[in-house]
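A.B. asks: Could you put the whole structure together from the sequences, leaning on the hints where they help?
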Amino acid sequence: MADLARHVVKRDHGDKISGKAKYVCDLTMPGLLTGKLLRSVKAKALLKEIKLPVLPEGYYIVDYRDVPGENYVSMVDNHDTHIFAQDRVEFIGEPILMVVGPEAKVIDDILAAITVVYQEETPIFNVKETDTIFYQFEDNKGDVAKAFSQADKVFTEEYHTGYQEQAYLETQGILAYYEGAKLVIRGSMQCPYYLVGAVTIAMGLKDNSQLKVLFDYTGGAFGGKEDYPSVLACQTAVATKKVGRPVRVVLARREDIISTSKRHPAYLTYKTALRAGKITGMDIDILYDSGAYRTLSLVVLQRGIIGAIGVYRIDNLHVRGRSGKTNTVPNGAFRGFGGPQVFFAMEMHMSHLAKELGRDPLDFKKEYMVKQGDVTSTNGIYHCPVVLPQMLEKLDNMSDYQKKYAAYKKPQSGRYRKGIGLSLVYHGCGFTGNGERDLIKAVMKLIKYEDDRVEIMAVNTDMGQGLKTTFIKLVTTILGIPQEQVIFANPDTSRVPDSGPTVASRSMMNVGKLLERACLKLKANWQKGVYQEFEERYQHPAYLIPWNLDTFSGDAYPTYSWATNAVEVQVDTLTGATQVLGAWGVYDIGYPIDEKICKGQMEGGFLQAIGYGGMEQMTAEKGVIRNASLSDYIIPTAKDVPHMEVAFVNNPYEFGPFGAKGAGELPAVGGASAYVEALENALGTRFYKTAVSMEDILLAEEVNAK
Amino acid sequence: MVNSYFPTTLAEALQLRQAQQVVPYAGGTDLMLKDRTETAFLFLSQVSELRHVREDDKYLRIGAAATFTELLENELTPAFLKAALEELAAPAIRNMGTIGGNICNGSPKADSALVCFVLDAQLRLASAGGERLVPIRDFYVDRGKTILQADELLVEVLLPKKDWSNYYYEKVGARQALAISRLSFGGLVEIKNAKLVNFAVAFGAIDRTILRMPALEKRMMGLSVTEAKEQHKAIVAAYSEQINPLSGRISARYRKKVCLNLLEDFLTVKGL
Amino acid sequence: MTQQIKFTLNGTAVVSERHPGVKLLDVLREDFADTGVKCGCREGECGACSVLLDGLVANSCMVALGAVAGRNVLTIEGFAKVLPQRYAALQKAFAAVSAVQCGFCIPGMVLSAESLLNKHPHPTAAQIRDGLSGNLCRCTGYNAIVEAVEIAAKEGNGIW
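Protein chains in written order, with the numbering used here: chain H, 1 to 706; chain Z, 707 to 978; chain V, 979 to 1138.
A couple of the hints might just be wrong.
As the list claims (entries may be wrong) - With beta-carbon atoms standing in for the labels, derived distance ranges:
| id | chain 1 | residue 1 | chain 2 | residue 2 | range |
| --- | --- | --- | --- | --- | --- |
| 1 | H | K51 | Z | I853 | 42 to 50 Å |
| 2 | H | R453 | Z | L739 | 49 to 57 Å |
| 3 | H | P56 | Z | N811 | 43 to 51 Å |
| 4 | Z | A856 | V | G989 | 39 to 47 Å |
| 5 | H | T28 | Z | T714 | 34 to 42 Å |
| 6 | Z | N811 | H | V41 | 25 to 33 Å |
| 7 | H | T122 | Z | G850 | 34 to 42 Å |
| 8 | H | G480 | V | E995 | 57 to 65 Å |
| 9 | Z | T714 | V | G989 | 47 to 55 Å |
| 10 | H | G480 | V | K1097 | 54 to 62 Å |
| 11 | Z | G850 | H | V41 | 40 to 48 Å |
Claimed, not checked - Quick list of in silico lysine-lysine cross-link-like pairs, DSSO-like style, CA-CA up to 30 Å:
| id | chain 1 | residue 1 | chain 2 | residue 2 |
| --- | --- | --- | --- | --- |
| 12 | H | K241 | H | K105 |
| 13 | Z | K976 | Z | K851 |
| 14 | Z | K788 | H | K36 |
| 15 | H | K418 | H | K366 |
| 16 | H | K689 | Z | K851 |
| 17 | H | K105 | Z | K740 |
| 18 | Z | K740 | Z | K764 |
| 19 | Z | K788 | V | K1097 |
Said to hold, decoys possible - Computed from the model, here is a short list of chain V residues facing chain Z with C-beta under 10 Å:
| id | residue |
| --- | --- |
| 20 | Q981 |
| 21 | I983 |
| 22 | P998 |
| 23 | G999 |
| 24 | F1010 |
| 25 | N1037 |
| 26 | M1040 |
| 27 | K1059 |
| 28 | R1064 |
| 29 | K1070 |
| 30 | S1090 |
| 31 | G1109 |
| 32 | S1111 |
| 33 | G1112 |
| 34 | K1132 |
| 35 | E1133 |
Hints in this document: simulated from the structure, not taken from any laboratory.
Note that CB positions come from ideal geometry on N, CA and C, so glycine has one too.
C.D. replies: What follows is the structure, given as structure tokens:
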């Protein structure tokens, strides 16, 4: 067991640190052309006319008329997203056409010379005013009406959570070309088979035998490259077919921030029925801003509804969740995928409830923390052990939370005020509901060659989270062979089967499990010098209560990973500026396969979450993202959280490889509320939103002058 | 067609500045925000007369092309100026960026320019035809606009020697590094024989240029510490009337409140 | 008559005839195939394009070609070639704590570390964080990278 947590040098370390690793922007090939998109500058309009300049030799325009198949990018359940806009645009940044040619400067001149005649319509920017609800679900548990009728106090709060931008260091990019008759799409992505699916439809292919998608080294993704690469893939595929030469599109940073998917902003109303100081029921309304198109909102919304009550047991519950259209950039996946919004609101709400009742927030929360065997928000069961009490104890030892909270709660004087906050969260591991069984149907292979080298045939991608290394570790540990004998190449869909997308914190838990089974079979049947192949397919755990989307009930997830976070701040009452004095996290991911890699994941995600709480302000103004550069969209530097400590508690999951559960998204879920609760502790005031700005802090002080 | 120029002496640089249509390039960290494939540059990094830090009896003299890193590493640089430079952007920008560039780009957010305002910097502007000494407070016309003529270069920043030790500096930005100032504040006092012999305060990033209010400062000059303390409320009120910040990403209301908070704190901390 | 900008790149004397106002980033990536110099923002805010200019870290997207005339430029590829001991110490330290995740910020981090260690061979954690403050990383949360530089400084033992 200890072997697997132990450190190994990461498989891709050498290539990346030396500068030799080639990302899509680094590739060269003969005849390579650059593509740049012309994007809508109107939030909602009919496209009346597009006046094109005369093109110099070797430059092309590619638009919807060039799409051989269907002009939409396949996503989950909808056809909303166009490859190129046809008769209308629905958000600023929507792609209208592509200019292709050898020189970027000439392309820019051509783009500047194109005139689009728009017939403007009235856009909707505020999701509360939307006239289109894309999805709506209701979750019911117990008898919420009765709880409210018998309440002696009802406490209602509304929260708003803002945008969050993935801000991966490498912007989006895709390269498409033909190798003979075969169409090749490669670049920065999380889910190669999503591109296969989308491009097959876009190009009108009978099957995908004449298509292959290659994953290139990808400079960060965090969910932002789950759906958007399919858009670029379809666009470049169409372009390369038209012009007969390789075409690459790499987004400029500003363009990337304005036009690609972000975390759904949300309005969240929490209404709690209290009786004799106890929560008897909750009625929650969540409204997610999808932006102009559905893209991934179907699943993001579900995860939000399911997680609306966080880690707590609420017996009488009603949650209405809706995702509405606005004429803004379509929102999609970002680490946590609908979870961070509701976990923020619930943690703050529980804390405020405690304060209303004159109780200590942590003591109050502990009363409602779920245990193994409890019923979930959707009438499923927490089948596996929940070790939150143990985690809280460890967190307190690391951070000294309880002592500090009590001390900082007392009236403070002087220029600087200190505060500490704490949050408890979970992340449901894997695809929501029946997705893994009914949609993904993961299959992977393990091949042993005659020379006894072993190759992992899975399409899951290493975008920095270390999957290449950890999968190889599974193999070396089970088979007892050296690292050098194991191959795990950057995925190529013409070689590897569809083991599913690299999303939803499913790769290690689900695909790793298949890999583990294949390895065990190979180990038991190893024939030296003989070619052997083992295939494994996903098996749905039998213990699960079936998920029913219509009744919104059952086990939404096979298991959960848990986190407790504490953040300590110092607030400057003269300027509203905060310094994070310390950040502590204790995580249950089952078992950390490579502790240093897992630690790196927790630290990176935790810092993103702290950013979500404070410095990562992003608003849209008249439909366009205002903070459209890295000088305007503020993410943490190395100086911003100088003291961060993370630790794990082992709580092995029977159905995960070596006990591992989902890990990738968990650390992004709880940091924001811990940060904002720290502000409340420091200032004796209340906040109802992310991100909390220096202005918000100064204003709160004014209102609450001590 | 010559694209750019690489003078090695100041005389050569001034000649070229007069004769050609060029953009002076010291560190380039502001200029290069845009793509510059059409610009004819006058590259100044090889002109040694622009990189010094030295004293004479009247001034501390800083070459306009001295980089922020060079200034941070020089023991002659006042601690007050170092306080601003330490928080400026990040090492890579500090290694290239220059005090002259920071002053000439005309931004009210310029960190070193703010300190130069408080220190009553004199700017030595030279052309092939002669030179002039301009107080920094007369150098700015508007945001991004200075009185530097098309044939002139800023060659030296002269800081009139005073006791610079009793300073106060605060930069308000969105994070601990790489932060564009949302507001900046610099103050300096000198108390000799219990009397105020120097009182200077400047506000950055709140208006179209960096602001000093000489009339208000005059009210404080020469007062005894006791008298100054009595004036505390009145002076803050007077500043309040004069400070009308612009609104942008950050509201005017926030900027004003913070300016006054910092002014109050400055006075209190300095015992006034 | 095109101008020639002569400089030393990764230990070798080179010439560029591109317009002196072109970003050094573009010259290095396009003309010299130094793709270890990454582009993250093009406005001096992320440090992915870091190079060493006369031993000091600079953002190559904010440096004009003309500004490096007569000067010494090192990219990550060159650093490994010209200062192999130092590169090896940093490389080994980064490996020991698994500090490389997506890798896009890493060449810049290594060069910023070199720029820091060159002046401060035994930096404090605070000095390391300040030295790296111009290199954005979205994956790691910075802890492992800071630890790697600490290890390199300690194990370095006279290299800096």
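A.B. asks: Give a verdict on every hint.
C.D. replies: Here's how the hints hold up against the structure:
1. Separated by about 44 Å at the C-beta atoms, K51 (chain H) and I853 (chain Z) satisfy the suggested range of 42 to 50 Å.
2. Evaluation of the 49 to 57 Å hint for R453 (chain H) and L739 (chain Z) yields a pass: the beta carbon distance comes to about 50 Å.
3. For the hinted restraint 43 to 51 Å between P56 (chain H) and N811 (chain Z), the CB-CB distance of approximately 36 Å leaves it violated.
4. The hint said 39 to 47 Å for the Cβ distance between A856 (chain Z) and G989 (chain V), and at roughly 41 Å that hint holds.
5. Separated by about 38 Å at the C-beta atoms, T28 (chain H) and T714 (chain Z) satisfy the suggested range of 34 to 42 Å.
6. N811 (chain Z) and V41 (chain H) have their C-beta atoms about 29 Å apart, which keeps the hinted 25 to 33 Å range intact.
7. The given range of 34 to 42 Å is respected by T122 (chain H) and G850 (chain Z), whose C-beta atoms sit roughly 36 Å from each other.
8. Judged by the Cβ atoms, the range 57 to 65 Å given for G480 (chain H) and E995 (chain V) holds: they are separated by roughly 58 Å.
9. For the hinted restraint 47 to 55 Å between T714 (chain Z) and G989 (chain V), the CB-CB distance of approximately 25 Å leaves it violated.
10. At roughly 48 Å, the beta-carbon separation of G480 (chain H) and K1097 (chain V) lies outside the given 54 to 62 Å, and the hint is violated.
11. Between G850 (chain Z) and V41 (chain H) the C-beta distance comes to about 26 Å, which lies outside the given range of 40 to 48 Å.
12. The suggested pairing of K241 (chain H) with K105 (chain H) holds, with an alpha-carbon distance near 23 Å, which does not exceed 30 Å.
13. In summary, the hint linking K976 (chain Z) to K851 (chain Z) is not supported, as the alpha carbons are separated by about 34 Å, beyond the 30 Å threshold.
14. Among the hinted pairs, K788 (chain Z) with K36 (chain H) is inconsistent with the structure: their alpha-carbon atoms are about 44 Å apart, more than 30 Å.
15. For the suggested pair K418 (chain H) and K366 (chain H), the alpha carbons sit about 24 Å apart, so the restraint of at most 30 Å is met.
16. The suggested pairing of K689 (chain H) with K851 (chain Z) is violated, with an alpha-carbon distance near 39 Å, which exceeds 30 Å.
17. Of the supplied pair hints, the one linking K105 (chain H) and K740 (chain Z) holds, its CA atoms being roughly 13 Å apart against a limit of 30 Å.
18. At roughly 39 Å between alpha-carbon atoms, K740 (chain Z) and K764 (chain Z) are farther apart than 30 Å, so this suggested pair is violated.
19. Note on K788 (chain Z) and K1097 (chain V): the hinted pairing holds, with a Cα-Cα distance of about 18 Å set against a maximum of 30 Å.
20. With its C-beta approaching chain Z no nearer than about 5 Å, Q981 (chain V) sits inside the 10 Å limit, and its interface hint holds.
21. Annotation: interface hint on I983 (chain V) holds; nearest CB of chain Z at approximately 9 Å, less than 10 Å.
22. Given the 10 Å rule on beta carbons, the hint for P998 (chain V) holds: about 4 Å separates it from the nearest Cβ of chain Z.
23. For the restraint placing G999 (chain V) at the interface with chain Z, the shortest Cβ-Cβ distance is roughly 4 Å, inside the 10 Å limit, so the hint holds.
24. Below 10 Å, beta-carbon pairs count as interface contacts, and F1010 (chain V) has none with chain Z, the closest being about 18 Å; its hint is therefore violated.
25. About 5 Å separates the beta-carbon of N1037 (chain V) from the nearest beta-carbon of chain Z, less than 10 Å, and the hint is met.
26. Interface hint status for M1040 (chain V): upheld, as the beta-carbon distance to the closest one in chain Z is roughly 4 Å, under 10 Å.
27. Violation of the interface hint for K1059 (chain V) is found here, the shortest Cβ-Cβ separation to chain Z being roughly 22 Å, above the 10 Å cut-off.
28. Taking 10 Å as the C-beta contact cut-off toward chain Z, the hint placing R1064 (chain V) at the interface is violated, the least distance being around 17 Å.
29. Below 10 Å, beta-carbon pairs count as interface contacts, and K1070 (chain V) has none with chain Z, the closest being about 23 Å; its hint is therefore violated.
30. For S1090 (chain V), the suggested interface contact is upheld, since its CB lies about 7 Å from the closest CB of chain Z, less than 10 Å.
31. The closest approach between the C-beta of G1109 (chain V) and any C-beta of chain Z is roughly 6 Å, which is under the 10 Å cut-off, so the hint is satisfied.
32. The interface hint given for S1111 (chain V) is met, as the beta carbon of that residue sits about 3 Å from the closest beta carbon of chain Z, less than 10 Å.
33. With a least beta-carbon distance of about 3 Å to chain Z, the hint placing G1112 (chain V) at the interface is held under the 10 Å criterion.
34. Evaluation of the K1132 (chain V) hint against chain Z yields a violated restraint, the C-beta minimum of about 21 Å exceeding 10 Å.
35. The criterion of a C-beta within 10 Å of any C-beta in chain Z is not met by E1133 (chain V), whose closest approach is roughly 23 Å, and the hint is violated.
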